[in-house]
Amino acid sequence: MKQKSILRKLFSSKELGIFIPWLIICLVTGAVNHAFFSANNIINLLRSISITLLGAIGVTFVLISGQMEMSVGSTMGLASLITGMCMDRYQLPVAAAILAGLMAAAVIGFVNGMIISRLKIPALIVTLGTMYIGRGAINVISKGVPFGGFPDSFNQLGQGTLFSIPYSVYIAFVAMIIAMVVLKYTVFGRSIMAVGGNSETARLSGIPINRITVITYIISAVTAGMAGILTASRLSSAQANAGNGWEMTVISAVVIGGTSMYGGSGSIVGTLIGVAIMETLTVSMTMLRVDAYWQKIVVGVIIIFAVGVDTYRRARASSDKG
Amino acid sequence: MEKRAILEMQNITKRFPGVLALDNVSFEAYSGEILALCGENGAGKSTLMKILSGSWPESTYEGKIIVDGQVCHFTDTEKSEKAGIAMIYQEISMHLDETVAENIYLGRWPKKRGMIDWKKMNKDASVYIEMVGLEADPEDVLRNLSTSQQQLVAIARALTKHPKILVLDEPTSPLTLAESDRLFRILHNLKEQGIACILITHKLTEVFANADRIVVMRDGKTISVRQMRDATEENIVTDMVGRKIDSYYPKEKTAIGNVVLEVKHMTVTHPYAANKKIVSDVSFSVRSGEILGIGGLVGAGRSELVNAVFGKIAPEEGEVWMEGKRLKIRSCSDAIRAGIALVTEDRKTDGIVGCLGIRENIALASLPQLSKYGFMKGREEKEQTSWYFDEISIKAPDMDTRLQQLSGGNQQKVVLSKWLMRKPRVLIMDEPTRGIDVGAKYEIYKIMVELAKQGVAIVMISSELPELISMSDRVMVLSEGRVSGMLSREECTQEKIMRLATAAVG
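Line by line, the protein sequences are chains D and V. The working numbering numbers the first residue of the first sequence as 1 and each following residue consecutively. The working numbering numbers the first residue of the second sequence as 1 and each following residue consecutively.
Some hints here could point you the wrong way.
Straight line, CA to CA, 25 Å or less: simulated DSS-like cross-link-like pairs of lysine-lysine [said to hold, decoys possible]:
#1 V:120 / V:161
#2 V:348 / D:120
#3 V:382 / D:184
#4 V:79 / V:64
#5 D:184 / V:372
#6 V:164 / V:123
#7 D:120 / V:312
#8 V:377 / D:184
#9 V:82 / V:120
#10 V:348 / V:312
#11 V:191 / V:161
#12 V:191 / V:82
#13 V:441 / V:221
#14 V:253 / V:446
#15 V:111 / V:161
It is worth saying that the hints were derived from the structure and are not from the lab.
The task is simple: from the sequences and hints, build the whole structure.
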C-alpha cells in the first residue's frame, strides 16, 4: 500500500512526467541515428539548451506571477544588437558593451512592468506592443546590416569551453541555481507565487503587487538580454533577426515544464526539462529527417497538449476540495 | 377586475448540501398586483426566484409550479421565459457596448432572409422604449446611459417577451429617490395592464407605498402573507426576524478600554451608480476589548465601509484615526502597518491563495517579519506558523496542504491565523462565519473572545442576527449607506435591528 503511494507520488510529480518523454525522445533518436549521441551533437545541444534556458528562466517568473511575456524575442535581439553596436561602431570595451546591452533589455522590462501594473493594460497586449517596438528599434538601428568584428575576448564568451563544456552552459547553470533559490527561499519568490495564485489576496496581505510585477519583467528582460549577448558572441555577429519568434519557443518550453498559464505555480527544474524537450525535439526531428514544415505542426500539438494537461489539473484540484 | 392566481408555486423544497434552503414553500401571485417579497439575507427569496426562473432546473428541487392554470416543467431558463416569466436582476447584466435596441432584442433579433433586420429592430424597440418612459434613442450605446436608464432598458427587454409575471430583485438599490419614483410609476402602469410584479426588496417604505400584498420569508419558509392594508411595520419586522438562537455563543464580559480606531465621515461612491453613494458620512469608533457589530441588509454598504477603512477600496472622503493619530491609508499595507487587519467576506476571491499551502498562507501578511535581507527565515517561519496551526487547531494532514483542499471553516481559520500573526490592534471581520459548519463557528467565536480579552478591538459585520446580538458589545446598524442606529448590548433585539435596517434614513 505504502509502496503504491510512493509510486503514485513519483508519477504524479510534474517534473518526472515530462522527464520521461524527453528521455524517450533522446533514446528513439539515438537508436535511429547514432550521430545523436556523438560528443559534438551533445555539446551543441547543451549550448542551445543553455541559451534558451536563460530566457525561459525569466519567463517562468513572469508566468508564475500570472502574467504573460511576448517581448522576450525582441528583447533578446535588441540586447544582442546594442552590445554588438557598442563594440563595432563605437569601439567600447567588452564589459561596457555588455552592460549597455543588458541595460537596454532592462529598460524594455521596466516599461512592460510599469505599463502593465500602473495602467492595468493586459500583459499580452503590452508585451505584444513592446515586441513590435523592440523589433522596430532593432531595424532602425541596424538598417538590416549585422554588426561584427568583435574582440576575441567577446567571442570567447559564446564559443569558448571549459573542460570541453561551453561557457554558456555554466552561465545558465548558475542562473538556474540562483532562480531556484530566489523562488524557494526569498520574500520575492514567495510574493510572486502569491500574486500569481491570487493577486487580490496578495494585495490585501500587504504585498506590493505593482513592484513585484515590475521586478519580474525586468528579470525576464535581463535574462533574455543575456541570451541575446551569448548568441551574438557565439555567432561573432549581432543580427537584426536574432530572437525572431524566440518568444514562442521560450513560452512553450516554460509551459511544457509545468508552469501554469494561470499563475501561482511553476518550477525551474520543470522549465529546464521543458527547454530540453523543445531544443532536443528540433535536433531530433532534423536527424529523423522530419520535414521542416512538419516540425512546426508537431511543436504546436505539443504546446496545446501541455496547456491542456495544466487546465485539466486545475479543474481537478478545484473540484476535489472538501 | 377579478384577481386570479397567475402563478402558484406549491410545496417547493430545495436542499443544498447540509442546508434546507426552501422548506415546503407555497407561493402565489395574482395578475395585476404588485407583490412584495421580503425577508432577511439568506431567507430563501433568491433561491425561490431562481427556481421560478429555471436557473435551478426542475430536477434539483421538489414541488410544483403552475402558471396560468398549467403545470410547468422548467428545465432551463428558456422554458421559464416562454411561460411568461421575466427576471430583472439587481446587477444589470447587459452588453454595455451595444445599442439600446440590440440589448432589448439580444438573442432574438428580428430577421429578414437570415440577416438581422436592423430597421425593424430599431422601430420595434422604440415602442418599448416609449412604454417604459426611457428618454433615449434605440441606437444609443448602453454605456452612455445612466444606471437608471440601463435598468429601464432591462425592463423594456423583459416586456418584449410579453411576460405575465415580472420579477424585480432589489431594483431601486442603485437608484436615486426620483428615479425610484419613476420606476414605480412604470410598475403601477404594468400592473394596470394585468402583469404580476414581484418585487424583492429590503425597503419597507417602498413596500408600503407601492405593494398590494406582502409575503415574508424566513429560514426557507413562508412566514406570513398579508394584504398591505392589514400590514403594519411592526408585524412585518416581527415576521422577518425571530430566528432561533440555536448555537451557543461563548461571549464573555471583557474590560473595555480606550478608543483604538475612530472613523470619521466615511463616504464611498456606489460601484455602479456614479451619482449615488454606497456609504455616506459614516462615523464610528471602537474601543480596545470591544466587539462592535455592524448590522444591515445586503447593499447597505457594510462591506464597502470596512473595505474603505482598510484601504481595499478608495473612499471619496473620510478619515481614519488610530489611538488619536490620523492615518494616511493609501493602500492595504498602510492599514496593516498601522495594526488593522481585515478578514474579508469572500475567502475565495480575496482571503486565500488556493494553490499555496497552509504555511505560505499564514505567513503571507508577515513576510517582512519573517525575513532578513529578503531571505525567508525558514525555521522561524515554520515554528511560528505551526504554532498557529496547533493553537487554532486547523484540521489538515500537514502544513503543506493546499488551501483549496480545505473546508470553508479551516480556510477561515488559516485566514484568521494570517492576521493574528500580525498581532493587530483592530481586527475587522466581514461575515466571519459565513459558510462554516457549527463546530468551526464556535471555535472562531472563542478566538474572538480571547482576542477581545487581550485588548484587541474587533469590528464584526454579520447578517446573522443571533450572532450579531450575542457576540457584540454594541451594534451599529446601516441602512442605505447611513447609520440608522447604534444599539447597546442591553437594548439589542432582532426586531430593533431589523427595523433600523429597513428604515429610510435621511
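Going down the list of hints, with the structure as the test:
1. V:120 / V:161: The hint holds at about 16 Å.
2. V:348 / D:120: holds (22 Å)
3. V:382 / D:184: holds (14 Å)
4. V:79 / V:64: With a Cα-Cα distance of about 15 Å, the restraint between residue 79 (chain V) and residue 64 (chain V) holds, given a limit of 25 Å.
5. D:184 / V:372: With Cα atoms ~15 Å apart, residue 184 (chain D) and residue 372 (chain V) stay inside 25 Å; holds.
6. V:164 / V:123: holds (24 Å)
7. D:120 / V:312: holds (17 Å)
8. V:377 / D:184: At roughly 12 Å apart (the allowed maximum being 25 Å), residue 184 (chain D) and residue 377 (chain V) satisfy the hint.
9. V:82 / V:120: holds (22 Å)
10. V:348 / V:312: Within the cut-off at roughly 16 Å; holds.
11. V:191 / V:161: holds (16 Å)
12. V:191 / V:82: holds (20 Å)
13. V:441 / V:221: holds (24 Å)
14. V:253 / V:446: holds (13 Å)
15. V:111 / V:161: holds (16 Å)
Hint check: no violations occur; every hint is consistent with the structure.
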